[in-house]
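Student: Spelled out from the first residue to the last, the chains are:
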Amino acid sequence: MNLTLKIWRQKNATSKGKFVTYKVSDISSNSSFLEMMDVLNESLVLKGDDPVAFDHDCREGICGACSMYINGRPHGPDKAVTTCQLHMRRFNDGDTIVIEPWRARPFPVLKDLIVDRSAFDKIIQAGGYVSVNTGGVPDANAIPISKVNADLSMDAAACIGCGACVAACKNASAMLFVSAKVSQFALLPQGRTEAAERVQAMVAEMDNQGFGNCTNTGACEAECPKEISISNIARMNREFLSARICAPKVKEGSGGGI
Amino acid sequence: MAELNSRIPKGPLADKWTEYKAHTNLVNPANKRRLEIIVVGTGLAGASAAASLAELGFKVKNYCYQDSPRRAHSIAAQGGINAAKNYQNDGDSVYRLFYDTIKGGDYRAREANVYRLAEVSNNIIDQCVAQGVPFAREYGGLLDNRSFGGAQVSRTFYARGQTGQQLLLGAYSALSRQIKKGNVEMFTRHEMLDVVLVEGRARGIVVRNLVTGSIERHAAHAVVLATGGYGNVFFLSTNAMGSNATAVWKAHKRGAFFGNPCFTQIHPTCIPVHGDFQSKLTLMSESLRNDGRIWVPKKKEDAEKIRHGKLLPTQIAEEDRDYYLERRYPAFGNLVPRDVASRAAKERCDAGFGVGETGLAVYLDFSDAINRLGKSTIEARYGNLFQMYEKIVDENPYKTPMMIYPAVHYTMGGLWVDYELMTTVPGLFAIGEANFSDHGANRLGASALMQGLADGYFVLPYTIQNYLSDQIRVPKFSSDLPEFVKTENEARERLQKLMNVKGKQTVDSFHKRLGLIMWNNVGMGRNEEGLKKAITEIAELRKEFWLDVKIPGEANEINPELEKAGRVADFLELGELMARDALNRNESCGGHFREEFQTPEGEALRNDNEYMYAAAWEFTGENNEPKLNREVLDYEFVEVKQRNYK
Amino acid sequence: MAFKYSSVTKKVVMALAGLFLITFLIVHLSINLLLLFDDSRELFNLAAHFMATNPVIQVFQIVLFGGFILHILVGLILQIQNWMARPTRYKVEGYSHTSFFSKFMIHTGGVILAFLVIHLINFFFKAKFGEMPEVMINGELYEDMGILVIEKFRELPVVVMYVVWLLFLGFHLDHAFHSALQSLGLNHSKYTPAAFGISRALAILIAGGFILIPVVIFIAQ
Ligand SMILES: Cc1cc2nc3c(=O)[nH]c(=O)nc-3n(C[C@H](O)[C@H](O)[C@H](O)COP(=O)(O)OP(=O)(O)OC[C@H]3O[C@@H](n4cnc5c(N)ncnc54)[C@H](O)[C@@H]3O)c2cc1C
Ligand code: HEM
Ligand code: FES
Chain R
11 MNLTLKIWRQ
21 KNATSKGKFV
31 TYKVSDISSN
41 SSFLEMMDVL
51 NESLVLKGDD
61 PVAFDHDCRE
71 GICGACSMYI
81 NGRPHGPDKA
91 VTTCQLHMRR
101 FNDGDTIVIE
111 PWRARPFPVL
121 KDLIVDRSAF
131 DKIIQAGGYV
141 SVNTGGVPDA
151 NAIPISKVNA
161 DLSMDAAACI
171 GCGACVAACK
181 NASAMLFVSA
191 KVSQFALLPQ
201 GRTEAAERVQ
211 AMVAEMDNQG
221 FGNCTNTGAC
231 EAECPKEISI
241 SNIARMNREF
251 LSARICAPKV
261 KEGSGGGI
Chain W
443 MAELNSRIPK
453 GPLADKWTEY
463 KAHTNLVNPA
473 NKRRLEIIVV
483 GTGLAGASAA
493 ASLAELGFKV
503 KNYCYQDSPR
513 RAHSIAAQGG
523 INAAKNYQND
533 GDSVYRLFYD
543 TIKGGDYRAR
553 EANVYRLAEV
563 SNNIIDQCVA
573 QGVPFAREYG
583 GLLDNRSFGG
593 AQVSRTFYAR
603 GQTGQQLLLG
613 AYSALSRQIK
623 KGNVEMFTRH
633 EMLDVVLVEG
643 RARGIVVRNL
653 VTGSIERHAA
663 HAVVLATGGY
673 GNVFFLSTNA
683 MGSNATAVWK
693 AHKRGAFFGN
703 PCFTQIHPTC
713 IPVHGDFQSK
723 LTLMSESLRN
733 DGRIWVPKKK
743 EDAEKIRHGK
753 LLPTQIAEED
763 RDYYLERRYP
773 AFGNLVPRDV
783 ASRAAKERCD
793 AGFGVGETGL
803 AVYLDFSDAI
813 NRLGKSTIEA
823 RYGNLFQMYE
833 KIVDENPYKT
843 PMMIYPAVHY
853 TMGGLWVDYE
863 LMTTVPGLFA
873 IGEANFSDHG
883 ANRLGASALM
893 QGLADGYFVL
903 PYTIQNYLSD
913 QIRVPKFSSD
923 LPEFVKTENE
933 ARERLQKLMN
943 VKGKQTVDSF
953 HKRLGLIMWN
963 NVGMGRNEEG
973 LKKAITEIAE
983 LRKEFWLDVK
993 IPGEANEINP
1003 ELEKAGRVAD
1013 FLELGELMAR
1023 DALNRNESCG
1033 GHFREEFQTP
1043 EGEALRNDNE
1053 YMYAAAWEFT
1063 GENNEPKLNR
1073 EVLDYEFVEV
1083 KQRNYK
Chain Z
4 MAFKYSSVTK
14 KVVMALAGLF
24 LITFLIVHLS
34 INLLLLFDDS
44 RELFNLAAHF
54 MATNPVIQVF
64 QIVLFGGFIL
74 HILVGLILQI
84 QNWMARPTRY
94 KVEGYSHTSF
104 FSKFMIHTGG
114 VILAFLVIHL
124 INFFFKAKFG
134 EMPEVMINGE
144 LYEDMGILVI
154 EKFRELPVVV
164 MYVVWLLFLG
174 FHLDHAFHSA
184 LQSLGLNHSK
194 YTPAAFGISR
204 ALAILIAGGF
214 ILIPVVIFIA
224 Q
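Chains as they are written, first to last, in our numbering: chain R, 11 to 268; chain W, 443 to 1088; chain Z, 4 to 224.
No wet-lab data here; the hints were simulated from the structure. Be aware that a few hints might be false.
Said to hold, decoys possible - Derived DSBU-like pairs: lysine-lysine, alpha-carbon spacing no greater than 35 Å straight-line: (1) K928(W) <-> K695(W); (2) K974(W) <-> K1069(W); (3) K57(R) <-> K833(W); (4) K623(W) <-> K7(Z); (5) K21(R) <-> K622(W); (6) K833(W) <-> K94(Z); (7) K193(Z) <-> K817(W); (8) K623(W) <-> K474(W); (9) K157(R) <-> K193(Z); (10) K928(W) <-> K21(R); (11) K16(R) <-> K944(W); (12) K94(Z) <-> K28(R); (13) K992(W) <-> K16(R); (14) K985(W) <-> K57(R); (15) K992(W) <-> K94(Z); (16) K944(W) <-> K33(R); (17) K833(W) <-> K132(R); (18) K458(W) <-> K1083(W); (19) K622(W) <-> K26(R); (20) K21(R) <-> K106(Z).
Claimed, not checked - These stretches of chain R come out as covered by chain W in the derived footprint (C-beta under 8 Å, 3 or more residues): (21) 44-50; (22) 57-64; (23) 70-84; (24) 92-102; (25) 132-138; (26) 141-151; (27) 164-172.
Everything numeric in this text was worked out from a predicted model, so none of it was measured. Ideal Cβ positions, reconstructed from N, Cα and C, are used throughout, including at glycine.
Just chain R, same shape as in the assembly (with noise of 0.2 Å):
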């Protein structure tokens, strides 16, 4: 098939961007989106031009590397899959893709495609973790965890961090990824001990890195390659609103050091 593509290019975070128009051709329905891509940048080389650049590991949908947005969707027109999941046979031969970085704040563009995502690693850092050091655990069963609150925290800890929730909302928001986190634990008793500081300091961290809010319109979900549900965000919700009323002030210092 033939395609017309529509892809911003910026040389790098300083510098400002446009969208650069480009045709390939002969491409296999067969082939992915990412070997498209690879396809147009092998010829961009040859011509001795600069490739676009884009993030990609795994190429099977597990590392949350790549990120396009593609026809105004993150990670295009499919439902439940990331972009290197995403087949050419979802396009037509003459169509005209317009691809585009992920669109937030927090996440600057580095060059092309690639944009800078440490922010999610600081709302981890702030406390998307059990406090425990390596050894001195109970052993694995002896608290048993019932197999509907295992599947639920399972749903939620799917997350591959890739930011399609962000570049999807009209808000920028990262209220899907930081209430999956506090969601897979707070299910969880090993993650109950923490939840009322877990919850308040990623909350606070998210605040801080710049993020929209939500406005529970649902385009995170629906985008979410791994279907993670905003019934997490309620969940987070409600998690927030019991440590705020109910916990007791904690003197900084003095205890938990989440």
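Here the structure of chain R is known, so what remains is to put chains W and Z with the ligands in place on it, guided by the hints.
Tutor: Leaving out everything else, chains W and Z with the ligands in the frame of chain R:
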């Protein structure tokens, strides 16, 4: 030059690790704060090590080439992780896990290491559960297990089809906690280009900041490499696009011996290749073999028709199907180890029974399991894998059998390390897939995750202290020492040299050609002629690469082509060593199958008298032949037998 | 100052204020509907009188104003932050599947606010501070709020304006009730699907009910 001393503690097998821990030297808390450790890699091995070392009080610097530590390639592991918990009461034990691993590795692994691995396997599960890893559970609330190839017990713990992801996120969370506390300094989008030796000890690394392109020097008291495997030598593999050998290869060139480079695992259940444009292969978890049955048509005519789209697999009658694994290996059936399953698939396809457009595929059929257990059970077990398959191949595996074919997946070889996980360069450690480790000539499913976490959480944090205990008087290093400056310059010159070639061919085109040479000659079936051919062809390709590679852009910016070029340049050297090692090993064992050495039934034929050793290759200079050192494997505790899965 | 409260807190405030406004709308609507069922306007005028004089209601009137102001202020702050969170917009955007009106809360809210001012001038401030016609009910003199309303709704432009306004109120409400529950963390796998239905039903009933009044009065004249 360095001595090949495996430093295995004396005493009975089951006591070695306990004894070691009891007597090893430790570093006291006040001194730990003064000691810095570089950990390269944030996969299961790297992240768990960095977090655990920081928890102990060491100052850790941690590196990865991705934008976040959470994206290390371990994230892609699907199936599960082994442990000798015996929660299923099916007769499992530390010894049995040890034994299965040794046997699965075709008796080419070090007993003491493997036993230690089996011993700490249980702690890993405890640790991960405490971190909040949502493993699969049964209705009673206790942990569930599944079976994997090469074992007769159910000892594999899993989190849907995303076990690696969940374990890595567990380690990443522990790492994040230490970053927040300031005990770990994290460097993402940094690629290690070389290791720096000062007075014979590893004292730092040279890295390239992949965003600014600047070359940086980082110093520490010890350096740990956890940079994963080098399967990407083959171009097409199940590894992530960025997986590379640069760190271990540079370490090798600085004096670390390379162990068993030819031991490559070809995984039996991957989605078959379907075009020239293809950039990587996708694994379908081995767990599928629990319920899927592998077959090809019994009649060549049927296979022929299927290849031409004139017949559908579902139209082939039961009696016309050849369930060749069940036929050949009735005891293990579809659950034979990977090397055996892969070779059997290749054998059928080479004999003309293969299916799919290319004839390089076999069926993995779930219709029996769906009839027996119901679609919903199969969906609960493998739903996401089926979905993944359908997305790629555009066929519904609930209705028509999956097509699979073997693909490069894992490298058992890696930097040679002693019992303490230290390479032949003092102060340079290697953990996880990066070392040659515990899997011998073939790794059993679900044991790489186990090894990575064992190394990082429970082994290295002890053994590294034995090395560091006499380093406490060594003051903090300056990265301005002449050794650092020199290594940095060398790295910079190499990049400049690459940029200056300004040839006509793309990096990928070289990589693809290398991959083809490797796959055809150093892949599933190897022979002397092919290997010799490969050695010369790789050398020629390497020469051509340095004369004609084309890299656009500049070195001082984000430049993915330059990154790839550096990696491919190293693969072009490592590939040759793999072929040499394969040529040297005149026997078949595990994943290494030399066509000259097989039993009349086509099984691997070992030569224990001459080759019961780990090959540790020594770099002797740019254009010199590498030198082979041997670590003779002493099987004190298990009886060495011909592997038999019949 | 309000910037320093967390995003979740602000949303909770938004939701509580919004739910409170919905309650008010229901009360308001019930009273207004009296106009349609009682041609003498007696019931309506009595209710209006009660609302205007009862001390508890007086207190609530202030709370109501507070609620409005809070809802509007916090809504604005949230919106400004949301705009700031995406300084560069997409070239092609908005193809994700979302609850439709959720994307336009600030716009529908803005329309509501604009008309609200006119509405207050028309009725509320008149009643509070202006000259009012009076009417005798059961031997006592009451302000005839009813006639004020009926006279206004005999003019076509006013009716059209109100219908448009109330449609926008309906649009706002379509994403209001269930969204508020979600913001408050009130979510349940069994009941949440119903919340969407309730939300839409509320939007239709409230907006529809209010629209009925000017339309019926206009047609009946
Ligand atoms: C598709 C797939 C499925 C698998 N499934 C299973 C399974 O079910 N069970 C099982 O036990 N095993 C499985 N394996 C094997 C297992 O996942 C790997 O062996 C294991 O995760 C390797 O972990 P690691 O920590 O050693 O390396 P990796 O996870 O590969 O991490 C390497 C790290 O090193 C960094 N790095 C590499 N090079 C450089 C450099 N030059 N400079 C700086 N940083 C660098 C990377 O950024 C990364 O952080 C699977 C493997 C694959 C490919
Ligand atoms: C009677 C009138 C009103 C009612 C009943 C009402 C009700 C609600 C409710 C229930 C919500 C959902 C809150 C949540 O998601 O948690 C909401 C959201 C909102 N309202 Fe109103 N509202 C009214 C008037 C207004 C006005 C006058 C404005 C003017 C600016 C406004 C602006 C908003 C905005 C911007 C939101 C979305 C906030 C966000 O989620 O980011 N509303 N409203
Ligand atoms: S490249 Fe890993 S998710 Fe797409």
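Student: Within the assertion that chain W covers the region 132-138 of chain R, do at least three residues meet a Cβ-to-Cβ distance smaller than 8 Å?
Tutor: holds (count 4)
Student: Check whether the Cα positions of K623(W) and K474(W) lie no farther apart than 35 Å.
Tutor: Holds: K623(W) and K474(W) sit about 16 Å apart, inside 35 Å.
Student: Just to be careful, I want the Cα atoms of K458(W) and K1083(W) compared with a cutoff of 35 Å; is the pair within it?
Tutor: Holds - the C-alpha atoms of K1083(W) and K458(W) are around 24 Å apart, at most 35 Å.
Student: Has the given pair, K974(W) with K1069(W), been kept, meaning a C-alpha gap of at most 35 Å?
Tutor: 17 Å, holds
Student: Between K992(W) and K94(Z), is the straight-line Cα distance small enough, at 35 Å or below?
Tutor: Between K992(W) and K94(Z) the Cα gap is close to 33 Å, so the pair holds against 35 Å.
Student: Check the hint pairing K985(W) with K57(R) against an upper bound of 35 Å on the C-alpha distance.
Tutor: 23 Å, holds
Student: Given as covered by chain W, does the region 70-84 of chain R meet the bar of three residues or more with CB within less than 8 Å?
Tutor: This one holds; 6 residues, not fewer than the three required, reach chain W with a Cβ under 8 Å.
Student: Below or equal to 35 Å on CA atoms is what counts here, so check K992(W) against K16(R).
Tutor: This hinted pair holds, its Cα atoms lying about 25 Å apart.
Student: For K193(Z) and K817(W), compute the direct alpha-carbon distance and say whether it is at most 35 Å.
Tutor: The hint holds at about 25 Å.
Student: With the threshold set at 35 Å, check whether the alpha-carbon distance from K21(R) to K622(W) stays at or below it.
Tutor: 32 Å, holds
Student: Are there three or more residues in the region 57-64 of chain R whose C-beta lies within less than 8 Å of some C-beta in chain W?
Tutor: Since 5 is at least three, the answer is holds.
Student: Under 8 Å between beta-carbons, do enough residues of the region 92-102 of chain R, three at least, approach chain W for the coverage claim to hold?
Tutor: With 3 residues closer than 8 Å to chain W, the region 92-102 of chain R meets the three-residue bar; holds.
When each numbered hint is compared with the structure, no violation occurs for any of them.
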